[in-house]
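Number of protein chains: 2
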Amino acid sequence: MSIDQASAQDLQAQLADLEKQYNAFEAANLSLDLTRGKPNSAQLDLSNSMDGILNSAYVTRAGEDCRNYGGLDGLAEAKELFSKVLGVSPQETLIGGNASLTLMFQTLAFAHLFGVRGADSAWIKEGVVKFLCPVPGYDRHFSVCEELGIEMIPVAMTDQGPDMDQVEALVKADSAIKGIWCVPRFSNPTGIVYSDDVVDRIAQLGKIAGAHFRVMWDNAYAVHALHREAPELANIMDAARRYGTEDSVIIFGSTSKITFAGAGLAFMGTSEENLKYFKKHLGMVTIGPDKVNQLRHVKFFGDFDGLMTHMDKHAELLKPRFDAVLQHLEDGLKGSDMGGWTVPEGGYFISFDCLPGLAKEIIALAAAVGVKLTPAGATFPYGLDPEDKNIRLAPSFPALSDINKTMEVFVVCVKLASIRLKLQAE
Amino acid sequence: MSIDQASAQDLQAQLADLEKQYNAFEAANLSLDLTRGKPNSAQLDLSNSMDGILNSAYVTRAGEDCRNYGGLDGLAEAKELFSKVLGVSPQETLIGGNASLTLMFQTLAFAHLFGVRGADSAWIKEGVVKFLCPVPGYDRHFSVCEELGIEMIPVAMTDQGPDMDQVEALVKADSAIKGIWCVPRFSNPTGIVYSDDVVDRIAQLGKIAGAHFRVMWDNAYAVHALHREAPELANIMDAARRYGTEDSVIIFGSTSKITFAGAGLAFMGTSEENLKYFKKHLGMVTIGPDKVNQLRHVKFFGDFDGLMTHMDKHAELLKPRFDAVLQHLEDGLKGSDMGGWTVPEGGYFISFDCLPGLAKEIIALAAAVGVKLTPAGATFPYGLDPEDKNIRLAPSFPALSDINKTMEVFVVCVKLASIRLKLQAE
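Just so you know, the protein sequences line up as chains A and B, in that order.
Residues 264 to 689 (this note's numbering) are what the first sequence spells out, left to right.
Residues 264 to 689 (this note's numbering) are what the second sequence spells out, left to right.
Any given hint might turn out to be false.
All copies of an identical chain are treated as equivalent in the list; a pair is satisfied when it fits inside any one copy or across any two copies.
Said to hold, decoys possible - Mimicking DSS-like on lysine-lysine, the simulated pairs with C-alpha atoms at most 27 Å apart in a straight line are:
1. Lys635 - Lys470
2. Lys435 - Lys652
3. Lys347 - Lys623
4. Lys623 - Lys543
5. Lys635 - Lys388
6. Lys543 - Lys393
7. Lys635 - Lys543
8. Lys685 - Lys576
9. Lys576 - Lys652
10. Lys543 - Lys388
11. Lys393 - Lys542
12. Lys635 - Lys539
13. Lys283 - Lys393
14. Lys470 - Lys562
15. Lys635 - Lys542
Hints in this document: simulated from the structure, not taken from any laboratory.
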């Protein structure tokens, strides 16, 4: 029943019951964690055979010895395979180290401090630099901007992607805006997939904004669907080619949630001209990436079909965990008007919006009985959720039994906080 | 016979003979390369068993799953092992990715742009920033400074290390000098080992210079001796502890020339306080290093003794190559007064000083008959060797027969250029 239709008496009765349940959780000495988008160990086991797969065959297709120095932008065979994940050509692809975050940081740091087309094009030379951040979003994106002193402007997310009317109006009005962060498929944390229209409009931003505007297209969950019929994402580079805005698009991906988190490969796709300038700076920072690990990955997958078959196995392991979270929300909160949530078909998160002003309280209630949730505000620039309502749920890592227990606690905490608020207001 | 004692007639006769030899090289269509300090494939083979060594045992001593996220500064067991290479405590150690160059770049970039102790301590806030560069030195160090806009001041190298009278006088006179680059054992390219007195004086620079002065101690060849009796390097961190200058010392190393070049581990050692600030910034750039590769390395070596035994095998493969280069110089140029060279007991290079003004010419002569040498000037800031005389020879990579042929050509080119110069002057 909706909290808005219940009588005060009903609510008081519910509250008493919820407090009893909550006290029981307290007595149970729980230690549960639903904070991090980490693969679980069964997922990691899927790639165990990578170590040793080379069998002392360290020579690449081009005849290079991948154990030695040489090659700043990765192996040709790795480019060929992972360019398909990015949706660009192998010539538009760079294979990096173990972290796409590093490639993103470097992209922004080089553009901001050293320029995208030589020193005169450094963003910082124009004074204040701003970035658009669809919210809720990914905290690591926001911390890169903060580190570099780039001002963040939150823009609203819809179920189609960022609110493009708002985005276009902002970009038109303020030339200090140099880019936008996007997680376009199974967005972090809402799980939505950008619509074709939104992708098309984002590809046109490079025409509206200045020449050095950049779309940071973090396609972290490009192939991370929970089933094969999940919505596809339109190819942004194809759209950019139609509008002549290829330089504005930089696509990122990694195998962190495909093989090993932290011991996989990161890659980026952008115009060949962008890559040329990027590599000029990258060559000052490193001699080159770990090519042995690149060869390992190529050998492990074989080809793109092999990679997709591998992703099916991840989906098999993840889907029951997502289903469990959703089932608890459905059973416990559907029709209650105490919050809303997304039903993602891929990615690593479920986004829950409680009643405004309650996110911190719900998270604190859960913490007090041993259930760790992502800190309130983490999905907003500077950690500030203006309505204090977004909570990110990450079901991938814990065992199914732990997820069930965690969600039991979560639902009780949401109800407790919501009913207390309602009773206070009356 | 010395070129200075030979008659013009003698020189003319020698010249004719040399030109005949040179023309024969030209006709032979050589393709030889002595440019890069790369391990040869027999050296790389020594570590082949690393791939597969984990045998699906991915759990660390602390019980962490090294296939998953977590841990910004590396595994405890890797810190324990490689802190011994650095000569610091495990608490003073950070294990990074595959490139010490990246750790060096990040150290300077963070200090320069973001500060070593918060934003107010950013070097760039003080205006012009300068760095001392002992020459000849390592070009990658110089390009990091150039990228960041840090002015480089060359200082002379002696056979004991940098000329410390000069270094101390410069640091006293100019507070814009924020650091010095050092390759203290088997220096690149001269191969000398810094004397105990030089190490001690460098450890005191932190007292003379400001609080944010940094010694970039790139101990790239820490365990890379050609034999076990090679001169040891004094421990700079021990010295720094005596003077209370631990914050001024940052030590770098890697396994690029121990296991696989580009697929090894990089590490740094510095005060715990420095590490704390460094990690604050590093956490914006990466989630963490490749811990699977760290575990692989630890398992491969076992302990520091195991690592040193492994280095003996490298020495066995490298020593004949160094000997070949030195033998050709000895046989062809000893007593000729056409150049001098170092006789390193470790590292990857032999440094040759020809007559002033001839380095470019000798390198061009060799190139014209298919023998690639490191570009003239590469060992100096901005690529400018003021006397145009230093040539870096890198014997590690080519087969012994190629080294012999290369050195034959090299000696002839040195003689040709030197005698032509002498005859011109007369």
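Taking the hints in turn, this is what the structure says about them:
1. Lys635 - Lys470: Answer is neither; intra-copy 44 Å and inter-copy 47 Å both fail.
2. Lys435 - Lys652: Neither: 30 Å inside a chain and 57 Å across chains, both beyond 27 Å.
3. Lys347 - Lys623: neither (41 Å within a copy, 46 Å between copies)
4. Lys623 - Lys543: Between copies only: 25 Å across chains, 45 Å inside a chain, cut-off 27 Å.
5. Lys635 - Lys388: neither (43 Å within a copy, 41 Å between copies)
6. Lys543 - Lys393: both (25 Å within a copy, 23 Å between copies)
7. Lys635 - Lys543: Answer is between: at 23 Å across copies they meet the 27 Å cutoff, but 43 Å inside does not.
8. Lys685 - Lys576: neither (44 Å within a copy, 75 Å between copies)
9. Lys576 - Lys652: neither (34 Å within a copy, 62 Å between copies)
10. Lys543 - Lys388: both (20 Å within a copy, 26 Å between copies)
11. Lys393 - Lys542: Both: 24 Å inside a chain and 26 Å across chains, each within 27 Å.
12. Lys635 - Lys539: between (44 Å within a copy, 25 Å between copies)
13. Lys283 - Lys393: The answer is neither: 49 Å in one copy and 67 Å across copies each exceed 27 Å.
14. Lys470 - Lys562: Intra 41 Å, inter 54 Å, cutoff 27 Å: neither.
15. Lys635 - Lys542: Classified as between; 24 Å across copies, 41 Å inside a copy.
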